[in-house]
Structures are given as structure tokens and as C-alpha cells.
Amino acid sequence: MKLPKIRELIEAIKALILGPYTSKFPLEQPVIPDGFRGKPQFYEDDCVGCLACVEVCPARAIEYVDDKKKKLRTLTHHQDICIYCQQCEKACITEKGILLTKEYDLATFDRSKSITQSKKELVICEHCGEVVAPLDHLKFLAKKVGHLLYANPTLLLARHDELKLLESDQPSDSPHWRSEHLKMLCPNCRREIILKEQW
Amino acid sequence: MAKENFIPIGPFHPLLEEPEYFKFYVEGEKVIDADVRIGYNHRGIEKLAESKTYEQDVFLVERICGICSTSHPFAFVQAVEDISGIEIPERAKYIRTIIGELERIHSHLLWVGLAGHFIGYNTVFMWAWKYREPVLDIFEVISGNRNHYGMFKVGGVRRDILEKDIPGLLKTVNEVEKFCSMLTKAVMDDPVIQARTKGIGILKKKDAIDLCVVGPVARASGVDIDIRKDHPYAAYDKVSFEKIVMKDGDVFSKAAVRLLETIESVKIIRQCLKNMPEGVIDADIREVGIGEGIGQHEAPRGEVIHYVRSNGSNYPERHKIRAPSFMNVPSFKKTVIGQTISDAALITAAVDPCYCCTERMAVVDRDTNKVLMTGDDLVRMCQEKTEKIKGAIKG
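Respectively, the protein sequence lines represent chains A and B. Residues in the first sequence are numbered consecutively from 1, following the working numbering. Residues in the second sequence are numbered consecutively from 1, following the working numbering.
Just so you know, these hints were derived from the structure itself, not from any lab. There could be a bad hint or two in this list.
[Unchecked claim] Below, in silico cross-link-like pairs of lysine-lysine (DSS-like), each with a Cα-Cα straight-line distance of 27 angstroms or less:
(1) A:5 x B:390
(2) B:390 x A:24
(3) B:390 x A:14
[Unchecked claim] Examples of chain A residues toward chain B, derived with CB under 8 angstroms:
(4) 21
(5) 37
(6) 58
(7) 86
Where a beta carbon is used, it is the ideal one built from N, C-alpha and C, also for glycine.
So here's chain A without its partners, still in its complex pose:
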């Protein structure tokens, strides 16, 4: 009977001297260790809109909308669905497109504010109007493959404004004219033109 009381007394005296164990939260911010998995943030300059993060997300918290008329791809990350697993950061092909911050205080009354977005310009197939890829994604790949890029017209055209290799060809009315090769095409149309080209 005595021993437990003494132990409680020691704890009580310790608590008196050291003060309460809990912190005064809003006044006193907690120490966040390195590597804390907080709110993910899109960085539009480094994001290329490749959708790798959409693919790996276990909670399907990242959605994307392609606007073919405006030629715009919008990636939206929803914090209220996110499980903060860091898979998007690890899957990012540029390694800087989406990063987890140390932000943790995410409670909000307005759901529409709990998002982070990345808007990327889209390349549209000049034949059928289908989505090819975001321009930044093609440029990223073109830089990554090096000289192999000259074998791929889509990638070559993506860097055309920098390299200035090609002169524009005279227009034609046949859909399978050879010069159509040098247009931005989706894989299906490119296949069709290679098979049925005329000159």
C-alpha cells in the first residue's frame, strides 16, 4: 500500500516542477521532424503532367481533366482524399513536380480550398484532335532521350521552337500526304500516315 502511494507522490512532485506535459497548441507550434509527410504541393514549373502520380495514388486523390478546346490539362490533388503516403512524390518522373511539405494544419471549412493544382498546356493531334501529351512532357522526354529524339517526329516537333530544324512544308489537301509526317500526331494517326502515305 505504501509503495504505490510514494510512486504517485514522486510523479506528482515531478509534474508540479515540470508543469503540464501537454503543450499550448495554437500558441506553441510542435517541432516537425525532417521527412514528415505533410500536405503535397504541385510545382507547376517542374511538373510535366505525365500522370505518373495519378497512376500510383492508392486513394485516387489526384484527378485530371483534359480540356481539348483550351488545350489545357488540369491535375488536381484533393487533400481531403489524400492519405499522405508519399507515393506521388516517389513516382514523379522529374522528382520535383509534386513534393510533400511539412504543412499539417489542414482543417478547413471550405472543401474547394483544400486542393493543389497543376495546369499544363496540351499538344493535340492535328489530324483527329486527340490528346497526344502535355508539351512539357514531350520536351522533358526529348531532352532525356538525347540524339534518339531525331527518330521520333513527335518529340522532335516538341523541341522545334528551340532547335529550328524544319521548314514548314507547303499545304496539301490529302490526309495522307508525306509532309503530314511533320505534324503533331497521336500514335494512331502517325501509324495510319506511315502505312498509307502518298507523295
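With the hints as your guide, set chain B onto chain A.
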């Protein structure tokens, strides 16, 4: 004949993997029969797992349970590795063991705290939860989250424990050990707690074997099972620790087993941190073969088993989970009968299925269906009994 009343409990238990519904038939204050039903709140996790890749499934199974959120991925990744006999790097094995044991400490401390609250001993509640904080801080340093650590992946672990963190971790672990042994003594010496829990809700060894209970519930009844010793996995065959087995099977033994296990867990963590070999942490698995596999892990509540069948694609073809509480819940029927209502809350709590269940308890008159008592009343009754015992001991 006295009017027969019953107390319904449940069916929703947000703290537990399997929500259940209990019906305690009472005669006066004594429980004369109990009825357990499970199967509410079916979330379809096994089916959902079939529509996600193995990488994504790890995060899904982690969310089966919030408290033991490592035990399910632990068993799941071992099941997937079992399919084609994937060997994981040594360092990953040690990191897995550390995470599994840290979780045991925080889960057991949480239980002790809540049990203390239930018997009206709020000092224990405050202590246990205060000393649980450093464990969660360790998790935050290692994994980046206080809960739902996301450390496991098929073929290894996702994050390494950095060399610069280890001295700090060892220091915190030593502190945790001090707290744990202090708390163990505090709980086991205390005359009030002893009077309140000894000889209550006894699960006999034979009943424990017949009902196939697992984990601390079985070990408190003298059944000598612990998957970490019986069928070692990860780094459990490379560390020395003791299997805690008690004979009595009452609430006190269940508490003692859990408290003594926290100290054993600290020993395992310290050995792992000291003996952890250098090297890679991920075997970089590109594909899972065709076949089926079983993974086991000794979760804080008992042995959890995952079964996965693969057809060679990215997605599991069949995924089956057996959580420990599924085995432990039927033991209520043996332990509660013959006890008083004020003890029933404690006995159900001792199995560690759920606490919030008691908040949904209500005593209902069978004839009129009128609620006689709510969950708060039951907790109050439980606490009043402790006060009475306290008074008796002082007097």
C-alpha cells in the same frame, strides 16, 4: 422468476476491425447469458484489394485498423513474398521488426490507459497516454507519420532508419523502458487495481484452447502461443526475448501480460537498433509470381493471417484476412457469464476489442424496450465499484 433484461452493445465499434453486437442477458446485476454477433459494417476491403496493385494494397490493408496499422501490412507483404519465395534484405528485416515492436508498445499502453479509465483510476490513464507519446514521436522520426506509417512494401521497407537518428532513438527507447517498468509496477502493486481485476472474467486454459483465442488473451490463460517464437519471421529469430505466459486467465493476468510484453518489446528494439546490418532496404521486386502465399504476424492483439493468391498479374486474385479479434471475441461468452454488469464493461475491455463499444451500451427492459441505463451509466457503475473497494481498503 425475476424479470429478464438484456443489455445490447454495438453493433458499431469504430476502434475495431470487426464491429460486433453483444447482448448481455441480466438477472438483477448478474449476467446470465451473452450473445455475440459479428458481420456489421462490412467494408469490402478484401474485394477492394483485388482492384488495386500490390503496391497500393499495402496502404489499403494498413487502414483496416487504426491502432495496429502495421500488423496488417506486415502480414500482407509476407504473404506476397511467400508466393514466389522472395528473400528480403537483412536490414529491411530489422527495420520491420522495430516497427512491429514499437507498435506493440503503443497499442498496449493505449489499452492499459483505457482500462485504467474504466475502473476509475484516471492516474493510470494519464500516465500510460503520456508515456505513449515518445513512442509516437519515434514513429514520426522514422516514418514521417505518427500513425499509418506506410513503411512496408513488397520486398522490403520504404524508408531507412538513418545512422544519425539511432543515438536519439536509443535514448528515447531507454526512457520508454523506464516508463514501462514504472507503469508495470504501478499497476501490478496497486491494491485497488488488484482487488478490481483479480479473479474477474476468468478464461480457463481449456476454454482458451477450445475457442482458439490468440495473442495476449491466450497467453494470459496459460496457452503458450506466440507466432514470433513458434514460427519466426523477419528478425525475430535473431533477437532474444521472453514469451510472457500467465496462468490465471483473469483481467489482471491479461493486463500483466500486456505490460510485461512492452518491456520485452523494448529489449527487441534495442537489440535491433544495435545489431542492424548495413545494406540495401529493398529487394526491388518487379513482378510477383503465380501461386498462393500466407503471411502471419503477431499483432498486439494476437496472430493475424493474410492469404493472397496471385495469377501473375499486378493485382491479387484473392485476398483473405483473418484478424485476431475475430478469434478473441467469442471468449466473451465464457468470461462474462456469472459476473456483474459493472465488471462486464471491464471484461469486454480486457480482450481489447474495443472501448467505444461501452459508450453504445444500454440496458433495455425486454418487455417495454425502454432504455434503463446508457453506456455512461455502465462506466459510472464500473467506477463506483472501484470507489467502494478503495473505501474498503482504506477502512
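Structure-based check of each hint:
Distance check on the hinted pair: residue 5 of chain A and residue 390 of chain B sit about 13 angstroms apart at the alpha-carbon level, within 27 angstroms; holds. The straight-line distance between the Cα atoms of residue 390 of chain B and residue 24 of chain A is roughly 34 angstroms, outside the 27 angstroms bound, and the hint therefore fails. Among the hinted pairs, residue 390 of chain B with residue 14 of chain A is consistent with the structure: their alpha-carbon atoms are about 25 angstroms apart, no more than 27 angstroms. The interface hint given for residue 21 of chain A holds, since its Cβ lies 5 angstroms from the closest Cβ of chain B, which is under the 8 angstroms cut-off.
Checking residue 37 of chain A against chain B: minimum C-beta separation of about 4 angstroms stays under 8 angstroms; hint holds. Annotation: residue 58 of chain A was flagged as interfacial toward chain B, and the flag holds, the nearest CB pair being 4 angstroms apart, inside 8 angstroms. Interface hint at residue 86 of chain A: satisfied, since its Cβ lies 7 angstroms from the closest Cβ of chain B, which is below the 8 angstroms cut-off.
Of the numbered hints given earlier, the model fails hint 2 alone.
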